[in-house]
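Protein chains in written order, with our numbering: chain F, 1 to 375; chain Y, 1001 to 1142.
Keep in mind the hints are simulated off the structure, nothing from the lab. Since the structure is predicted, the reported quantities are computational estimates derived from the model, not experimental observations.
Take a look, some chain F residues computed to stay more than 10 Å from chain Y by CB distance: (1) V55; (2) T91; (3) A158; (4) M259; (5) P264; (6) R297; (7) R374.
Computed footprint of chain F on chain Y, listed as stretches where at least three residues anywhere in the stretch have a Cβ under 8 Å from a Cβ of chain F: (8) 1012–1021; (9) 1033–1045; (10) 1048–1054; (11) 1072–1082.
Sample of chain Y residues facing chain F (criterion: CB under 10 Å; computed from the structure): (12) H1026; (13) I1061; (14) A1062; (15) I1063; (16) V1096.
The beta carbon of each residue, even a glycine, is placed where N, CA and C say it ideally should be.
What follows is each chain in one-letter form.
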Amino acid sequence: MQPVFVAGVGMTRIGRRSEPLPALMAEAAHAALAEAGLEAPEAIVVATMNPEEFVGDGNFASNVATHMGFAHVPALRIETATSSGAAAVYTGFAQIAAGLRRTVLVVGGEKMTHLATPKVSEIIGRSIDPYERTYGVTMPALAGLVTRVLMARQGVSAREIAQVAVKNHANGARNPLAHFQQAVTVEEVLESRMVADPLRLLHCCPISDGAAAVVLSAERATVRVAGVGHGADTLAVRHRRELTSFAATRAAAREAYAMAGFGPERIDLAEVHDAFAPFELMSLEDLGLVPPGTAGRATLDGDTALDGRLPINPSGGLKARGHPLAGTGVAQIVECVLQLTGRALTRQVPAATYALAHSIGGLATNNWVTLLERA
Amino acid sequence: MIEIIAASKCPRCDIVVAPPATYCPHHPVAMTPATLPGIGEVVSFTTLHTPPTGFRSPLHIAIVELRGGGRFVCHGADTRGLKIGARVAIEAIDNVYYFSHLGAMERARLFWRRTGHAGDRVNAIARSLAKRVWKGRQRAAS
Chain F
1 MQPVFVAGVG
11 MTRIGRRSEP
21 LPALMAEAAH
31 AALAEAGLEA
41 PEAIVVATMN
51 PEEFVGDGNF
61 ASNVATHMGF
71 AHVPALRIET
81 ATSSGAAAVY
91 TGFAQIAAGL
101 RRTVLVVGGE
111 KMTHLATPKV
121 SEIIGRSIDP
131 YERTYGVTMP
141 ALAGLVTRVL
151 MARQGVSARE
161 IAQVAVKNHA
171 NGARNPLAHF
181 QQAVTVEEVL
191 ESRMVADPLR
201 LLHCCPISDG
211 AAAVVLSAER
221 ATVRVAGVGH
231 GADTLAVRHR
241 RELTSFAATR
251 AAAREAYAMA
261 GFGPERIDLA
271 EVHDAFAPFE
281 LMSLEDLGLV
291 PPGTAGRATL
301 DGDTALDGRL
311 PINPSGGLKA
321 RGHPLAGTGV
331 AQIVECVLQL
341 TGRALTRQVP
351 AATYALAHSI
361 GGLATNNWVT
371 LLERA
Chain Y
1001 MIEIIAASKC
1011 PRCDIVVAPP
1021 ATYCPHHPVA
1031 MTPATLPGIG
1041 EVVSFTTLHT
1051 PPTGFRSPLH
1061 IAIVELRGGG
1071 RFVCHGADTR
1081 GLKIGARVAI
1091 EAIDNVYYFS
1101 HLGAMERARL
1111 FWRRTGHAGD
1121 RVNAIARSLA
1131 KRVWKGRQRA
1141 AS
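With the hints as extra help, turn the sequences into a complete structure.
Structure below.
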């Protein structure tokens, strides 16, 4: 297998953006290419979850490639719901690892703030099992069902869950590209509007526009992609026995650690899919980053804070950096690379060598773990 | 008055899923038809305050594990006082399942939460009531 390196990264400001999606993707892509010192990549992988519904355009790989001046560069689009960005990184990684390409531009993004929230909720919800959807089940509803079991059966407290949001907002306040750059308190989280009982508004990631890009290369660069893992689970949540742990995360982690030849003990920082605050706690345990049953305590104790033993979501995570769906999986890699190359400004984790990115697709039907190493 | 719910079972791993599926979600084998009694335990529940287009707030949703193993997503009139593990009954009206025993007024309110043609809703309520009366008579006769 050919070693794969990250030659350049780029990202737009995440939030409410007026530019069309291809313009946002071009901004991120050209920044990543400039950093890589590359005028054109050999191939392009585009990640968007649902441009047909969100912006009304299809054949989106060609649309984006043409928009940014690469009409003659082969481009394809990858989709695994909310983890599409991570899936696109894997696709680019696989092309280079297999020796099929020397350089691949991976760009992911979404544009959704121009639509009303119930409409956005419905479109994102189309990644849920069609039968469950006929009951009005949305992502927050499923997350609410999971959270109730987590609290009742695993003893996770409301304060532990709220602290995830508090920590990630504090990190977002240090990220000039984050959707939310202001801190919140535990009380504010616990008093915010109920969305899907027991989940409240400040437990949930925002609806965001934005794009992120990475240039992957066979040429040696500072950061190497050490391993990628993909895990899957049933589309229907009712077909699962276990609600408080995601089998797709555990499988993805196993595969990624096996490919990299090291385990969770080496990880210096991680970007974890905190679309809903309790998911960060579940994922820390599923990824093996903390022992089972200890994620809440570790979070309250500050272990996962920026100055803690294992900083989680230094970018602010989906919660504060924002969640432009297919942009997120790529944005997580961008943050890891910035951290590993000492360019994370006031949120820099000191002496970081190994980073992990974890992305959840749908309600954990298509999850990814990507491991990065300072080469 | 316990409903019989159509389900399917995997001949390899014995998982029961409802409504019936062609293939087992865990194995590439055809499922065999099965039925489940419409009673079970609440696995989890939530009240959705920002439902998607086509539904009204608040929307009460539960996952119920039926006696016999299959899990079900269903609607309810309310989740106040409900607990994980609580025993509930499931009833289907127009292929939509509702948990707990509900009075006629509560059911009328429930139908109104699903947006649709007013005529359909009234029709469904009438059929649900007729079904109850019919089942009550059957029970009295037996």
